[in-house]
Amino acid sequence: MGEPVEIIQTPIRLEYQYTPGVSRSRYLKGLIEGKILGERCERCHKVYVGGGSGACARDGIPMSDVVELPHVGTVTSFCIVNVPFAGATVEIPYTMAAILLDGADIPLNGLIQEIPADQVRMGLRVEAVWIPAGERTFTETIKHWRPSGEDDAPIDDVLKWMRADA
Amino acid sequence: MRDVAVVSFAQSKSVRADPVRNEVEILMPVIQDAVANSGIPSKEIGFTCSGSADYLAGQPFAFVYGLEAIGAWPPVRESHVEADGAWALYEAWVLLQEGEIDSALVYGFGKSSPGSLRDVLTRQLDPYYLAPLWPDAISLAALQARALLETTEHTERELAEVAARSRRDAVANPNAQLTGDADPEALLKEPYIASPLRKHDCAPISDGAAAVVLAAGDLARKVSKRPAWIRGIDHRVEPHYPGVRDLARSPSTRAAAEKAGALSGPIDVAELYAPFTSQELILRDALGLAKPNGTKINPSGGALAANPMMAAGLIRIGEAATRVSSGEANRALAHATSGPCLQQNLVCVLEGE
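In order, the protein sequence lines correspond to chains A and B.
Taking my numbering, I'd label the letters of the first sequence as residues 1 to 166.
Taking my numbering, I'd label the letters of the second sequence as residues 1 to 353.
Hints are computed from structural coordinates only; laboratory data are not their basis.
Treat the hints with caution; some may be incorrect.
What the hints assert, rightly or not - Simulated pairs of lysine to any residue, SDA-like, Cα-Cα distance not exceeding 20 Å:
1. K43/B - E42/A
2. K43/B - I61/A
3. K43/B - R58/A
4. K43/B - D59/A
5. K291/B - E153/B
6. K160/A - W73/B
7. K29/A - P19/B
8. K296/B - D246/B
9. K46/A - A72/B
10. K46/A - P75/B
11. K143/A - E42/A
12. K43/B - L95/B
What the hints assert, rightly or not - Rough simulated footprint, nothing fancy, chain B against chain A, three-plus residues with beta-carbon under 8 Å:
13. 46-60
14. 127-141
As the list claims (entries may be wrong) - Quick list of simulated restraints, FRET-style, between CB atoms:
15. L188/B - N109/A: 51 to 61 Å
16. E42/A - L263/B: 49 to 59 Å
17. N109/A - A186/B: 27 to 37 Å
18. P132/B - R146/A: 40 to 50 Å
We treat Cβ as the ideally placed atom computed from N, Cα and C, and that holds for glycine.
Using the sequences and the accompanying hints, generate a full structural model.
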């Protein structure tokens with residue numbers, strides 16, 4: 001008997017072909033064209049954006065009413081990333097934010113740049129900075145978001161959006 | 001035991017690969033059908049339970065994503081099993097027994113097309129000794145089929161007959177994927193893909209979804225002319241490691257059938273989840289249906305005609321219930337399986353009033 005085996009490694013690799021679905025495909029194709037496409041539920045009238053499942057999660061019915069949204073919105077929440085990780089291309093510290101586009105009812109997630117991380121705040125107005133047309137891919141379209149220069153949104157409005165029953 | 005019945009069933013048409021719709025987009029119309037046909041307003045359904053598996057699509061939290069199809073607002077009570085929807089139905093049935101709720105929605109869904117299903121299924125094996133060897137699902141089923149042919153009286157011709165009968169019966173099933181006339185003699189001339197299994201011995205690879213609505217007692221009688229009452233339901237499990245089992249027999253199916261009361265009377269229809277022809281013979285042996293005296297086996301065509309993972313077991317219950325509700329059958333047996341080589345088995349007995 002030799003030494004007991006204490007650990008084994010069993011590498012696993014599985015390959016998948018991902019099907020975004022009707023709704024997400026439309027969203028991804030829109031981004032390539034420089035458009036942010038949301039969808040309105042005909043029953044609750046909420047506008048979802050960000051490439052959902054194709055369903056209104058509240059009503060369980062297909063979202064088919066397509067809405068083109070502006071490229072500006074409000075930071076409703078954010079976090080500052082201080083921990084480096086393999087493959088990271090952004091200098092730390094940086095800020096990831098939930099950005100509620102004007103006219104949308106659910107925020108997108110986005111990287112905030114062109115402002116020091118410790119100055120990002122709830123209510124900050126931001127605009128999209130795009131990768132130039134022709135250089136976009138399905139995974140790289142909006143480079144980041146930066147302050148738009150507008151006055152902050154009133155904090156009460158931001159808090160209102162964050163309530164579950166908003 | 002509280003009387004609980006299947007009052008509604010819906011399923012998608014199974015396809016080899018849906019290149020356009022994601023899981024939620026496949027699921028939504030199925031759930032809408034099942035709920036609409038139940039006669040119970042969706043906001044009054046007391047509980048929801050789903051069956052799905054993240055490995056199929058290679059994405060985490062498939063079940064949370066699936067919830068978008070039901071409009072879970074306000075959140076009432078939603079649960080999930082990482083298994084076929086038949087086990088989700090079992091959970092819902094248990095909750096209905098407690099008496100706090102009178103109805104439940106159960107669904108199962110899966111797209112097998114994104115990955116290589118026979119390899120994906122190796123991930124359910126024991127992670128130390130077996131999974132690292134990547135014994136794919138068809139090879140394991142072939143080991144089982146070989147054990148069956150070597151240790152029992154069953155023959156390869158019977159395997160071909162099961163395949164031919166399944167495809168023929170599936171012609172009348174609009175949701176089936178593999179249908180048509182097949183001559184067992186001609187099938188036996190096909191090459192092996194994993195001896196003794198030929199292509200027709202293996203279920204097709206399917207994308208699809210199914211949903212069932214359960215209701216208890218008076219509510220079931222109110223919404224359904226002829227509810228399919230669940231008179232017994234039980235599930236049993238065998239050891240995880242196939243090497244310690246007698247693969248040619250299914251004692252867990254036998255035990256589940258006994259506990260569910262399936263063996264106490266004649267069965268008009270049996271819907272068996274056998275994704276391989278050899279497994280149907282093993283199941284029939286376990287259920288006393290080797291020579292089906294008056295029992296119609298898999299009139300839908302079974303899993304050999306359509307096998308959407310995580311839904312195909314629930315579909316067996318739905319198909320059996322549909323035949324009871326239509327009056328075609330008075331007593332039906334539905335079976336579901338999970339795990340390698342029929343490792344886990346569920347038996348459900350359904351009866352008319």
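K160/A and W73/B: Cα distance at most 20 Å?
Roughly 19 Å separates the two Cα atoms, so the pair holds.
Can you confirm whether chain B covers the stretch 127-141 of chain A, using C-beta to C-beta distances below 8 Å and requiring at least three such residues?
violated (count 0)
Has the hinted range 49 to 59 Å been met by the Cβ atoms of E42/A and L263/B?
51 Å, holds
Given the hint that K43/B pairs with D59/A, does the C-alpha gap stay at or below 20 Å?
With Cα atoms ~10 Å apart, K43/B and D59/A stay inside 20 Å; holds.
Range hint 51 to 61 Å (beta carbons of L188/B and N109/A) holds or violated
Roughly 57 Å apart at Cβ, these two residues keep to the hinted range, so it holds.
Proposed proximity, D246/B with K296/B (alpha carbon, max 20 Å)
27 Å, violated
Can you confirm whether the C-alpha distance between K43/B and E42/A stays at or below 20 Å?
18 Å, holds
Distance restraint between K43/B and I61/A, which requires alpha-carbon spacing of 20 Å or less:
14 Å, holds
Going straight from one Cα to the other, do K291/B and E153/B come out at no more than 20 Å?
With a Cα-Cα distance of about 13 Å, the restraint between K291/B and E153/B holds, given a limit of 20 Å.
Honestly, do P132/B and R146/A meet the 40 to 50 Å range at C-beta?
49 Å, holds
Do the alpha carbons of K29/A and P19/B lie within 20 Å of each other, as the hint requires?
16 Å, holds
Could you grab the alpha-carbon distance between K43/B and L95/B and see if it respects the 20 Å cut-off?
Holds, because 18 Å separates the two Cα atoms, which is no more than 20 Å.
This entry does not satisfy hints 8, 11, 14 and 17, going by the numbered hints stated previously.
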